[in-house]
Amino acid sequence: MKALFVGLSAIIVTIGTSGFSSAEMKEHDSASHSDHMQMTDTANAPVSPLTEPGQGAFAALSEVVRVLEADPNTDWSKVNITGLRDHLIDMDILVRNATVSHEMLDNGVRATVTGDAEILATAKRMVPAHAAELRKEDGWDIEAIVQNDSVVLIATSDDPATITRIKALGFYGLMASQDHHQAHHYIMATGGDAHAH
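Each residue of the sequence shown is one higher than the last, beginning at 0 in numbering that gives the first Met the number 0.
Hints are computed from structural coordinates only; laboratory data are not their basis. We treat Cβ as the ideally placed atom computed from N, Cα and C, and that holds for glycine. Check before you lean on any hint, since a few could be wrong.
Claimed, not checked - Quick list of simulated restraints, FRET-style, between CB atoms:
| id | residue 1 | residue 2 | range |
| --- | --- | --- | --- |
| 1 | Asp-70 | Ser-47 | 21 to 27 Å |
| 2 | Val-66 | Met-103 | 37 to 43 Å |
| 3 | Ala-58 | Gly-190 | 19 to 25 Å |
As the list claims (entries may be wrong) - Mimicking DSBU-like on lysine-lysine, the simulated pairs with C-alpha atoms at most 30 Å apart in a straight line are:
| id | residue 1 | residue 2 |
| --- | --- | --- |
| 4 | Lys-166 | Lys-77 |
| 5 | Lys-123 | Lys-77 |
| 6 | Lys-135 | Lys-166 |
| 7 | Lys-135 | Lys-123 |
| 8 | Lys-166 | Lys-123 |
Generate the whole structure from the sequences, applying the supplied hints.
Next comes the structure, spelled out in structure tokens:
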């Protein structure tokens, strides 16, 4: 069990600092994580009213670990926290770094994702997989096209209200829609395919 937390701590340190500016990091460097831990005696500390354990990826990993540890039926031989961490990094790369151009169609939107090799690799993993999830919803047609230098997501509909919704959502809203992300993350953490939705 200690080994799992040591490994998870290394992962969290890697991903947990990615969203901070150098000024924030310099300020944070003045007090190490162990210094913070020594300042709080968690066994005797009052219950905190806070619910977020920090950075978003850390929060997702923390929640998964908490759920897995609470489940006596967890098959630890299949648990893959690193796979989930990799997927969370993909989500971050796509949202923060991808360049997306939107072409408004009469019946929807065509979004083209471009970027460097890392961004394209991420988009090629995520967009087709998420398009498959979007197709499960009636009322729109979803197509993902993977090309050498871009990934295209096309969402269209015959219904005027759905067309308006598609255009309002755009690429990022479409990628965030469907309430399957938590279930998907749990499947990955318990040994499922890290990039299949």
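Next item on the list: With a cut-off of 30 Å on the C-alpha distance, tell me whether Lys-135 and Lys-166 pass.
Entry: holds, 19 Å
Checklist line | Satisfaction of hint between Lys-77 and Lys-166, Cα-Cα up to 30 Å | finding: violated, 40 Å
Next item on the list: For the pair we were handed, Lys-166 and Lys-123, check the Cα-Cα distance against 30 Å.
Entry: Holds. Lys-166 to Lys-123 sits at ~22 Å (cutoff 30 Å).
Check: Is Lys-123 within 30 Å of Lys-77, Cα to Cα?
Finding: holds, 26 Å
Notebook entry, point to check: Do Val-66 and Met-103 keep their Cβ atoms within the hinted range of 37 to 43 Å?
Noted result: This hint holds: roughly 41 Å between Cβ atoms.
Check: So the hint says 19 to 25 Å: do the beta-carbon atoms of Ala-58 and Gly-190 match that?
Finding: holds, 21 Å
Item checked: Cβ distance range 21 to 27 Å for Asp-70 and Ser-47, holds or violated -> holds, 24 Å
Check: Within 30 Å, alpha carbon to alpha carbon, are Lys-135 and Lys-123?
Finding: The given pair, whose Cα atoms are some 20 Å apart, holds under the 30 Å limit.
Hint check: a violation occurs at hint 4 only; the rest are consistent with the structure.
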